[in-house]
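Chains A and B are the protein sequences, given in the same order. Per my numbering, the first sequence runs over residues 2 to 326. Per my numbering, the second sequence runs over residues 2 to 326.
It is possible that part of the hints are untrue.
Where chains are identical, the list cannot tell them apart; a pair therefore holds if satisfied intra-copy or between any two copies.
[Said to hold, decoys possible] Calculated pairs, DSS-like style, for lysine-lysine (alpha carbon to alpha carbon, straight line, at most 25 Å): (1) Lys-177 - Lys-205; (2) Lys-6 - Lys-31; (3) Lys-107 - Lys-6; (4) Lys-6 - Lys-115; (5) Lys-107 - Lys-33; (6) Lys-257 - Lys-115; (7) Lys-31 - Lys-177; (8) Lys-173 - Lys-205; (9) Lys-115 - Lys-31; (10) Lys-205 - Lys-257; (11) Lys-257 - Lys-31; (12) Lys-315 - Lys-205; (13) Lys-177 - Lys-33.
Hints are computed from structural coordinates only; laboratory data are not their basis.
Listed below are the residues making up each chain.
There are 2 protein chains.
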Amino acid sequence: MANIKEIARIAGVSVTTVSRVLNNHPYVSKDKRAAVLDTIDQLNYTRNMNAVHLITGRTGAVAVILPFINFFYFSIVMDGLAHEALLAQYRLILCQTNYSPEEELKVLEMLRNKEIDGVVIVSTALQPEVIEEYTAYGPIVTCQNSGERRFSSVYIEHYAAFRHGLQYLIGKGYRKIGYCEGRQNGSSSSIRQSAFREFLAENKLPFQEAWMIYDCMTEEHGAAAARSLLEMRERPDAVIVSGDHVAAGLIIESRKHGLRIPEDLAVMGFDNQPIGRLLEITTIDNQLYEMGASAFRIIHEQIRGDSTLPVYRKLAYRIIERSTV
Amino acid sequence: MANIKEIARIAGVSVTTVSRVLNNHPYVSKDKRAAVLDTIDQLNYTRNMNAVHLITGRTGAVAVILPFINFFYFSIVMDGLAHEALLAQYRLILCQTNYSPEEELKVLEMLRNKEIDGVVIVSTALQPEVIEEYTAYGPIVTCQNSGERRFSSVYIEHYAAFRHGLQYLIGKGYRKIGYCEGRQNGSSSSIRQSAFREFLAENKLPFQEAWMIYDCMTEEHGAAAARSLLEMRERPDAVIVSGDHVAAGLIIESRKHGLRIPEDLAVMGFDNQPIGRLLEITTIDNQLYEMGASAFRIIHEQIRGDSTLPVYRKLAYRIIERSTV
Chain A
2 MANIKEIARI
12 AGVSVTTVSR
22 VLNNHPYVSK
32 DKRAAVLDTI
42 DQLNYTRNMN
52 AVHLITGRTG
62 AVAVILPFIN
72 FFYFSIVMDG
82 LAHEALLAQY
92 RLILCQTNYS
102 PEEELKVLEM
112 LRNKEIDGVV
122 IVSTALQPEV
132 IEEYTAYGPI
142 VTCQNSGERR
152 FSSVYIEHYA
162 AFRHGLQYLI
172 GKGYRKIGYC
182 EGRQNGSSSS
192 IRQSAFREFL
202 AENKLPFQEA
212 WMIYDCMTEE
222 HGAAAARSLL
232 EMRERPDAVI
242 VSGDHVAAGL
252 IIESRKHGLR
262 IPEDLAVMGF
272 DNQPIGRLLE
282 ITTIDNQLYE
292 MGASAFRIIH
302 EQIRGDSTLP
312 VYRKLAYRII
322 ERSTV
Chain B
2 MANIKEIARI
12 AGVSVTTVSR
22 VLNNHPYVSK
32 DKRAAVLDTI
42 DQLNYTRNMN
52 AVHLITGRTG
62 AVAVILPFIN
72 FFYFSIVMDG
82 LAHEALLAQY
92 RLILCQTNYS
102 PEEELKVLEM
112 LRNKEIDGVV
122 IVSTALQPEV
132 IEEYTAYGPI
142 VTCQNSGERR
152 FSSVYIEHYA
162 AFRHGLQYLI
172 GKGYRKIGYC
182 EGRQNGSSSS
192 IRQSAFREFL
202 AENKLPFQEA
212 WMIYDCMTEE
222 HGAAAARSLL
232 EMRERPDAVI
242 VSGDHVAAGL
252 IIESRKHGLR
262 IPEDLAVMGF
272 DNQPIGRLLE
282 ITTIDNQLYE
292 MGASAFRIIH
302 EQIRGDSTLP
312 VYRKLAYRII
322 ERSTV
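Work out the full structure: start from the sequences and follow the hints.
Set out below in structure tokens:
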């Protein structure tokens, strides 16, 4: 592959000069500039990289299976992955699968077909048994707790973290608890829903279907949730909200309508996002960025062959006490 | 490549059954479940995809060159790209280049080496002449105004949009104008900086170096900018802020310290983000999402061969009047 050194050698100029031409630096003579551009032009051979991959068996690419890139939870995980991939000089192939098992299988087939060196599965609709079938072809890491499988996982205990948040709320005296969630059928949101229902039942707290508000994915959905709450004849005295950005929308809109936070409505967020720090939202830090970063580090170690046994890494969570509960 | 239909055929079950097994649906008999999993296991042949690419000359992948994924501006463009790629069943290869020309060249070399079908360049450190050299190998679209080149571009007129915002501020009577910007050396931020300095000079408005605040990339940087402004002996009466999320941090922090917005400090945002709508931030909508979506649609047309001539698409911008100016 033509690189700066090769271009410099053929053009008969220094590497610095090539770099300056590429950077549009002013101190390069017209002749040298022309020589560099001509050389890039002359290096007009196609050494087909797919053939190179056939020989080396390494592609420098890792595929990432995630349902949607524009969902906040996934974009934070993606940040962590992308940061580590850049450090390792790896490319990430973004595979948005919209929770379609067929789409996810296609990505796993890329591993079998040696188009990629590994797969990170941020969230999946596939069963662990199906994923295990593909571990024969290369390393796979999931960002979900899949138990002790033939593939690695790095995960948050969504169930325990969510219960911990609820416990904190009842410890503060709240009993009528509502819940704002993103996609109803996401794998971690299903876990949180179970945690919610079970916790309420165990603690004999009132459960109202109307207090479960779904499809809260943006700041504006949070604001809409606030308006729904305001219209209720009986409303919860606290809400637990999946995502600080959604909680921010809910809080700002509630205050516009004269509600005091937390006196009239306590709000507990999730994810410890910058907007939560600004608005002093009490939140659960569940280390989403670290989950992505960790997933990449594990897969990179396994690609390099430094470790081959699957790793199961559970991340810690903690409540950050601020002023909205 | 093994797909659901192939698995169903070999396992002797219906496509619905395979889908149910993959989805962990309860209504599947143990036998059928075993048959499906066995089949996936038996389809244990490696039809090397790199060889397939050699024959078809099509990879189903487009590389995206962008400096950083976790910079808000780029992440919105990425949303637009990712949405269209999903519709077109294309994979995006995310290449974070940190504005390194050598890293960017590596991605363009992937095009020469037929590892990808096209390249979308969201922001680049390379000269247009260098990019033009690679148009011989496949379609390239930039998200910057590069003039009429051999490659396509879809772009915002950063210079005009920014001046339009400044004009709006002086139309409202503000004369002491400050400026919060992200990365000082980003290509669009350099354009905005020129627009700012030139506009102030032309209109004989006071310019103070201290009123140019850089490295404002997050909500918290916005809050820090508010604290810097509060400490100034003489501070601007209006600020133009690159990014509504940064403006949100600045506004929330300013209010905490008793500043009235816009009476004590007017704030004009950028990007028309959800948080800006919630906080009623006056902003410039510059269609970042549409820029990404458009870039993908153009490159997809060119890959399919529906159009081969380069396209230069200028996106409109508009001021959204709300309550912070």
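For each hint, the structure was consulted:
1. Lys-177 - Lys-205: Close inside one copy (11 Å), not across copies (60 Å); limit 25 Å.
2. Lys-6 - Lys-31: This pair counts as within: shortest intra-copy Cα distance 20 Å, inter-copy 60 Å.
3. Lys-107 - Lys-6: Close across copies (13 Å), not inside one copy (38 Å); limit 25 Å.
4. Lys-6 - Lys-115: between (29 Å within a copy, 22 Å between copies)
5. Lys-107 - Lys-33: between (48 Å within a copy, 22 Å between copies)
6. Lys-257 - Lys-115: Classified as neither; 55 Å inside a copy, 55 Å across copies.
7. Lys-31 - Lys-177: neither (74 Å within a copy, 43 Å between copies)
8. Lys-173 - Lys-205: Within one copy, since 16 Å is at most 25 Å while 58 Å is not.
9. Lys-115 - Lys-31: neither (45 Å within a copy, 32 Å between copies)
10. Lys-205 - Lys-257: neither (33 Å within a copy, 40 Å between copies)
11. Lys-257 - Lys-31: neither (62 Å within a copy, 56 Å between copies)
12. Lys-315 - Lys-205: neither (30 Å within a copy, 60 Å between copies)
13. Lys-177 - Lys-33: Neither. Shortest intra-copy (74 Å) and inter-copy (45 Å) distances fail the 25 Å Cα cut-off.
Checked against the numbered hints given earlier, this structure breaks hints 6, 7, 9, 10, 11, 12, 13; the rest are met.
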